[in-house]
Amino acid sequence: MPFMEFVNFYLMPGIVLGSIYALGAVGITLVFGILRFAHLAHGDLATLGAFAALGVVTIFGVSPWVALPVAMVVCAFMAIGIDKLFYDYLSERPKIIVVMSSLGIALMLRAVVQVVWGVDTETYTRGIVRPDDYWGIRIRDREIYTIIAMFVIVGVLWAFLQKTKWGKAMRAMSDNPDLALLSGVDNRKITMLTWGIVGILCAASGFFLGINTELKPLMGWTMLLPMFAAAILGGVGRVEGAVIGGLIVGIAEETSVLFIPGEYKAAMAFAILLLILLVRPTGLLKGKVL
Amino acid sequence: MTSQAIAEQPMSKNSVQQKYSGKPILTMTGVRGGYGDADILQGVDMQVTEQEIVVIVGPNGAGKSTAMKAIFGLLKVRGGSIVVNGTDIAGWKPNRIVQHGVCYVPQVNNIFREMTIHENLEMGAFLRKGDISESLERVYTLFPDLKERRSALAGNLSGGQRQMVAMGRALMLNPSLLLLDEPTAGLSPKYMEQIFEITRNLRDAGLSILLVEQHAKQALAFADKGYVLAAGSNRHEGTGQELLADREVAEMFLGG
Ligand SMILES: Nc1ncnc2c1ncn2[C@@H]1O[C@H](COP(=O)(O)OP(=O)(O)OP(=O)(O)O)[C@@H](O)[C@H]1O
Ligand SMILES: [Mg+2]
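Line by line, the protein sequences give chains A and B. So the first sequence is numbered by the numbering used here: it starts at 1 and just counts up by one. So the second sequence is numbered by the numbering used here: it starts at 1 and just counts up by one.
Heads up, a few of these hints could be off.
[What the hints assert, rightly or not] Computed, partial: chain A to chain B, Cβ under 8 Å:
1. 168
2. 169
3. 171
4. 172
5. 175
6. 176
7. 178
8. 179
9. 181
10. 182
11. 184
12. 185
13. 186
FYI, nobody ran anything at the bench for these hints, they're computed from the structure. Note that CB positions come from ideal geometry on N, CA and C, so glycine has one too.
With the hints as extra help, turn the sequences into a complete structure.
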């Protein structure tokens, strides 16, 4: 197979898909690191974000790119609200109960999407977009924007965590929660801040999956396993790790069809997850032990 | 203090308070409590007055760390009072206690391992609004080793340096009372002496310090006052010299 064919039909789609996974995996790793549980409603929150953007597009007739920030705000408040109503209420209980409740939230969010938007497949814009050719690399504008947006969003988050007072407090809470409390950090505020950020990331991953493929009520749920695989592959609690993990899982899924039948594409994430847990449970960058 | 205020000081008989008439910073009276339903502390009394080092010694599991956690609201306090700077702080949240001028260096897990030395110190000043450069400079002067390695991850430091980071973090809020839980555990004699030296300097600069120590002899030698805790209650108390001279204390708790 010629090299450019590999790049155009396997590598580039893999990087695009990987960027979408990365956005979700960063959120999963933050919840894991700071709130210490596996957030199973992550994918369905992404679905809600994608459909919220669709709602803005259909009601106001604006471009999907204008709808994205609105969807981010909607998801941020949704995540904070869910935490206030459910997760915070259960915060003194064993973590497994919180994990199970997040599964319930996932089903509730999906039901909301199905009631409001129906069960049919939707798109932001109609018509087929042909990829442009850049020095032999064939790629669509929206694919370029997806990759750039992922790096910009994660870059801003990274700078926030490294440079600002509240970002450092989030890292402190992830590093040593007891000592963070002793230093006067209010864990309620950190929790709300974390959920706000997680909502924004979810909306972005759902939106970019929607704009590159289609919107379906199950779109987020099917991303859940690859996103978890990416977060664990990168090292739990490690933002940079989640990006690397997301890109690896995305590329692995898209290139897997060269070796195995396409129906098994989704199994790649599972295989990677299993492998990393067996070989290096702390992930590529040393993360927390699960 | 006016002469009238001195006259109004309670003159209780069997209390160490009598011997040290400085302004009380911390007064624990009959503190009971534990982690679950059982009481680990069976009524602990302790007092730290202004600008003194008070050392708590006692066997493993005596409840020394538990007494410190009780001050910081980290366990269920079921009885007694904990008064700091004239206010009963029992039941307060840690962030409020910190703002009230009490800082605490736990026995274990007392640093942010994945953050740099500098960030650890910044976290110590989390509750401060304005400029913290003066406090940073003060801590770096106290611990010159830390200044050199300020961008190193705290988790990569030696045991002694980690302990310095932990103390530095607690000092960033300029507390009036510092709780140190075994700051020299597992350290070489050189580091132990250095930590003790810094502790004495801090006291001389006006800080009150409550110190739990396994190196009981060395610590009591410079303590203004000491308490021997056993099985969750007070066993002995006195000046450092008195406890060192006490035969029973020496035999039972100081290894003869
Ligand atoms: N988090 C906890 N939950 C339940 N019990 C605890 C906890 N921490 C300590 N204990 C128990 O409380 C008692 C007192 O422990 P504490 O840590 O206060 O002792 P200590 O005097 O500090 O001992 P050491 O010198 O070993 O540090 C012990 O019996 C211990 O088993
Ligand atoms: Mg202890």
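Hint-by-hint comparison with the structure:
no.	hint	verdict
1	168	holds (6 Å)
2	169	holds (6 Å)
3	171	holds (6 Å)
4	172	holds (5 Å)
5	175	holds (5 Å)
6	176	holds (5 Å)
7	178	holds (7 Å)
8	179	holds (6 Å)
9	181	holds (5 Å)
10	182	holds (5 Å)
11	184	holds (4 Å)
12	185	holds (6 Å)
13	186	holds (6 Å)
Hint check: no violations occur; every hint is consistent with the structure.
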